[in-house]
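> Using the hints, position chain B against chain A.
Sequence order for the protein chains is A and B.
First residue of the first sequence: 0, per numbering that gives the first Met the number 0; consecutive thereafter.
First residue of the second sequence: 0, per numbering that gives the first Met the number 0; consecutive thereafter.
Keep in mind the hints are simulated off the structure, nothing from the lab.
Hints are not guaranteed to be accurate.
BS3-like, lysine-lysine: derived pairs with alpha carbons at most 30 Å apart [claimed, not checked]:
#1 A/K1 / B/K45
#2 B/K365 / A/K272
#3 B/K312 / A/K312
#4 A/K78 / B/K200
#5 B/K234 / A/K343
#6 B/K244 / B/K228
#7 A/K244 / B/K103
#8 B/K312 / A/K270
#9 B/K343 / A/K330
These numbers come from a predicted model, not from an experiment.
Here is how the chains run, residue by residue.
There are 2 protein chains.
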Amino acid sequence: MKADIITIGDEILIGHTIDSNSAFIAFELNSLGINVYRIYSIADRKIDIIITLDEAIQESDIIIITGGLGPTNDDITKKTLMEYFGGTPVLDEFSMEYINKLLKARGIEATECNIRQAEVPDTCTVLRNRNGSAPGMLFKKNDKTIISLPGVPYEMKGIMYDEVIPYLTNNFSLPVIIHKTILTAELPESGIADILNIWEKKLDNNTRLAYLPSPGIVKLRISISGNNKDQLKLKLNNHISYLSKIIGPKYIFGYDDDSLESVIGELLRNKKKTVSTVESCTGGNIAHRITGIPGSSDYFIGSVVAYSNSIKKDIVGVPRELISNYGAVSKYVVEAMSVGIREKFSTDFGIATSGIAGPGGGTKDKPVGTTWLSVSHHKGVYSQVYQLGDHRGRNIEKATIYALNMLRNAILEFE
Amino acid sequence: MKADIITIGDEILIGHTIDSNSAFIAFELNSLGINVYRIYSIADRKIDIIITLDEAIQESDIIIITGGLGPTNDDITKKTLMEYFGGTPVLDEFSMEYINKLLKARGIEATECNIRQAEVPDTCTVLRNRNGSAPGMLFKKNDKTIISLPGVPYEMKGIMYDEVIPYLTNNFSLPVIIHKTILTAELPESGIADILNIWEKKLDNNTRLAYLPSPGIVKLRISISGNNKDQLKLKLNNHISYLSKIIGPKYIFGYDDDSLESVIGELLRNKKKTVSTVESCTGGNIAHRITGIPGSSDYFIGSVVAYSNSIKKDIVGVPRELISNYGAVSKYVVEAMSVGIREKFSTDFGIATSGIAGPGGGTKDKPVGTTWLSVSHHKGVYSQVYQLGDHRGRNIEKATIYALNMLRNAILEFE
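Chain A on its own, in the form it takes in the complex (with noise of 0.2 Å):
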């Protein structure tokens, strides 16, 4: 079964507005097994309209259009979609009722244009808008299934919920579909793709492995389809199994809707720990992760961000010498750093993080990019340099998400 989307709207096209509807109706119509095609955004214009509806129609089972049902002049989609299938205007009394409770309570008269809102052609069958005044309208054409629906997110979700997704699983016999998403810290795109190569390549037709990158973060995505929801869900687990395996857990944060705050927030809170942070040069980013997620006060004290090395000295108590003979982007300091803030803040856990950022203030022995990371426990301290890039915003990112790692490995190590 194949679905396609057409978002129209002149807001899309001149990039104001991003299209959240999309992904929304993409992901539920996946959930149901039925796989989206296209997805096109099209101006409020009926030419367009029509052309784009021609070409979805040809190529897939079922289209979802959404916007353009609002009452003012260039919302045109209603209209068009009349002339499309045929038929005449009739008046939709759930609407109309849904209507006049709304004018009642301003205490005003429907004039036409909301009487107009009301009308269907008489070769749809409504689908129920509980949130909004524009019903949805469903048309058959050649086996074809064309659902429109208003542009506005929640009445859209509304109608989806409602009236779509209940149609569409009782009158189609619908495939199955799971995915599973593996989320992994710190291992670039192309070496998580080394690893997976021979895995990979053997994957029959009904497998689908997608790659979704963000600065320190590389989610893995697999999709399965076939008939036997159990059967899927044995094979997607032994996937899921081989390849938390082969990639370790050391990389391994979480799945699907983890992050790796939330990860850690659970392990604390089970395992009754604090934390505490000191932060040169993530400045801050790592206790704004943190914080986050909802009561993360249980588990998190509080941070210095140590910019100025007086700060490191006066707050965190890193010895003077430290810092003259080192340098503050040196395994003695963030060392120091994470020891300390660990006693002054009486934490189970601390981490450091002292680092060039950039794009100033690098060295030959030193680079931009040049970052200490550390993580003390009562049994010890740990750290360790990278060789981030030389872009500001995703070093503080990368830096962020590897102490954040660092600090999931100590306390699944912890005992």
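Chain B only, in chain A's frame:
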């Protein structure tokens, strides 16, 4: 001049990723006076790429493709374009140098996979990628221009700014369009719309206003098109002066590419002043924003993320009885925090935040979203309470923006 945009990547069709690249490209093309006709999202599948290219080449003059240029097996755009446009692979020296530099920093040799990354068909013009290993490519076919860019947003944006926009400007005769963006903080979109209502209604057809909102910030982009650049500039400047006056300098923090943190950085640098922060509800995000600016160590000394009350007392010096009498989220505590950090870190300005970011922790008197912000300097201390929303991430973001704008106004008033 018409353009199509094609986004290639399974992750969009399975609904895993929202296509934000297209909005960026559409926005930039529109800014050049190039109309975007259709945006397509398609899978990493050869046949789909070819069918869509055929269609796009028929309907538009310029086609910009993103995605599918990674080193992994699912990235097949380059292979497909080489088939489509003909040619044989040649090594692009610039890309190979970039890759070798990266690998050298990690102490490893180039693999076959790395070298393939740097190869391009000899039928294309290379568009240099300064932020990644996948080069952009430009092909010509029957007077049509086809451009292929990586899908990683910062790499795509880099090539757009460095290569694509200059190419389009130099090789096509485009209408004159000029833009300027006013950057505002704290005011809601609807509040600004009310202020601008009368002015907006009087605009002619060649003048367009776009509202671009994000948490705590609304950007107002004014575009004017015509023939005479000097006349347009004069007209645009008149609009900008008028709007700046009616919105007011308290809320306007900059123009175009400014950011609150870059504006603050420049002010502090010019006045030779320093700042430190103590953050509770913002969890380090203010420090993270300030230190995102290169050279911020000149005026940013450091920060304490005081998540637990013990840190507020022991490190920042907030009197114990203020916390027990008024609670951590109160005028007295947030002021003691901003004064405390300023003294402790010996800076000219101190910023403090204390609020209930949510979703838990609210009470009847202090519901989720209650946020106290404070700025202190040698003449005194200022604080204000805000009622933000019930979404943790947005509350943190808004509190950060409001605090930075409070600091900006304090620096401007500071003699």
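> Does each hint fit the structure? Answer for all of them.
Quick rundown of the hints versus the structure:
1. A/K1 / B/K45: 17 Å, holds
2. B/K365 / A/K272: 29 Å, holds
3. B/K312 / A/K312: 20 Å, holds
4. A/K78 / B/K200: 28 Å, holds
5. B/K234 / A/K343: Distance of about 59 Å is beyond 30 Å: violated.
6. B/K244 / B/K228: 24 Å, holds
7. A/K244 / B/K103: Holds, at roughly 28 Å.
8. B/K312 / A/K270: Given pair B/K312, A/K270 holds - Cα atoms ~27 Å apart, limit 30 Å.
9. B/K343 / A/K330: Holds. B/K343 to A/K330 sits at ~27 Å (cutoff 30 Å).
In this structure, the one hint that does not hold is number 5.
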